[in-house]
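Visitor: Start from the sequences, fold in the hints, and give me the full structure.
The listed protein sequences derive, respectively, from chains L and R.
Counting in this note's numbering, the final residue of the first sequence is number 296, and the numbers go up one at a time with none missing.
Counting in this note's numbering, the final residue of the second sequence is number 335, and the numbers go up one at a time with none missing.
Calculated directly from the structure, the hints in this document are not laboratory data.
As the structure is a prediction and not an experimental result, all values here were calculated from the model.
Cβ coordinates follow ideal geometry from the N, Cα and C atoms, glycine included.
Heads up, simulated DSBU-like pairs for lysine-lysine below, C-alpha to C-alpha not over 30 Å straight-line:
#1 R:K323 to R:K225
#2 L:K240 to R:K104
#3 L:K98 to L:K201
#4 L:K201 to R:K61
Take a look, some chain R residues computed to stay more than 10 Å from chain L by CB distance:
#5 K59
#6 H112
#7 P125
#8 I126
#9 W127
#10 T197
#11 F210
#12 D220
#13 N279
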Amino acid sequence: MFSRRIDKSPYGYLFIAPFFLVFFIFDLGPILYSFYLSFTDWSGFNTPTFIGLANYERLLQDTLFFKSIYNTLIIWILSIIPQLTIALTLALILHEKFIRGKHLFHAIFYFPNMVTPVTMGVLFALMFDWQNGSMNKLLMALGIVEDPVYWFNSPFLSQLIVASILMWQWFGFNMLVFLAGLQSIPEDLYEAAEIDGANKFQTAIKITLPLLRPVLIFTMITSVIGGMQIFDQPLMIGKGPENSTLTMVMHLYEAAFVRYEYGYGAAIAYGIFVLIAIATAFSMWMTKLKEKKEG
Amino acid sequence: MKDYSISTGNTKTVSQLDAETKRKNRNSLLIKIFIWIMLILAAGICLLPFYSMLITSTHTNADITRKLLLLPGDHFIENYKRLVEVVPIWRGFLNSLIITCSATAIGLYFSALSGYGFSKFDFKFNGPLFAFVLATMMIPGQLGIIGFFKLMNMFGLINTYWPLIVPAANNAFGLFFLKQVADSAVPKEMLESGRIDGCNELQIFHRIALPLMTPAIATLGIFLFIGKWNEFLQPMIILFDNSLQPLPVMIASVRNQFSVDYGAQYVGIAISIVPILIVFALASKKIIGNVMAGALKQ
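Guide: Here is the structure:
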């Protein structure tokens, strides 16, 4: 009251200035510049000349681009369904009181998430090598298959292997997210249900799942955004038979940094951006829709 | 008579109840054992590829081709020698350390600086600018990659570490995380007393706010470190010189250069996983706790 404070607020701009400076130079600048390049025929050596919408017209006729969208979606679906199922099951189990050594299990299941994606790709490529891979040796020793399976000869199996890398890398993360959600559900809800005579299955369906909804939405949205951008692991596996494991970002990488069609690559980057925006908006809209129905 | 009948009735029910609870207990014990076995099996499957990798890296190529390997062999050194003859893997290790440590340090300092700025100064457009920062988190990483490559080329920064290190100062997640920390861990009164003592705003940040935010900064540091250590696409397009490349890029080239030398490839990926294993062993409680805490904030 008696000491009049000097307004220090403008100093705030100095504190946030470096962040925005770097953002404009290394982030927004390149994004806008890419947008410009997507209207040019830049191939790395020439000076970019403006060619209008030619790159985008080519993109809409590029069957390989549509194939890469399809591949990315298939791989995403193949990985997300078992991934969330396993994550939820393990989270429900590890939330039980009688389990000892919870931290060790958390650590084991989360560890693959920290390993370099490139390393994971190489490891799986080696493991599923049809002549030298340990997976075929193991399956034959267990008597599950007679002859070695030529994994990377089949489009579907190749996609399944890429999907299983992603599943293996992300189920532990999602498990921790679900566990956090479970821990936030108040204990007395379960006690009340027990008094009312509900069994374990009923409590899971009527209490746990509805209250986990916000957490489920969070994992869905993050996994859509992440799943549309997979690159490191499938690049190590290769394009696969009939380009079956060529993902959208791999297509971008090949156009720009292998064939040096940078202008076209920039157009692909914006195509991917639009698709991710649509996928994100769609998953948000889906969850909103459900909310209204239930509300 | 009445008393007697009631008491016999009671003993009957008690013994019946007893048998029932015993059966229930036995059933739930069986279920518990079943769940335990499933859990341990799941953990085993989860770790199996790593085990297989370590074991296989110690065998000759001939054995890798012929047999299912379950126990360690004695050819690790030979495989390792063939690997380092062609790929300077330790150089890559050192490069990764240089890039990752400097990027993490820069990322932490500037995330703290800007997070503190958003938290403690009520400047005009504080709210909209912060919302803008959050919105940038939704932009996919490769959107500007081609413009990034060309701009860095024009600045003459291709084949240097600058384009990999300096952008770390612009980490929206770090800013968001440390703004929340500054909101709760740095009381305004302490800043006021610093001002009365005649410190300038930057001194207040360095001497008062930064020490109070240190535990959270350390936590964020682990995540920034791991993220940067695993980065692949950016260093691959920015660095042409083999001797400048970080570990993930070298691992990818091991895959291309040793197409039939499986022993050497296994040694390469084992070398790239071990440091992560060490970091994780030291900080797993912190990492896991923060993944879970982060999930609830969203």
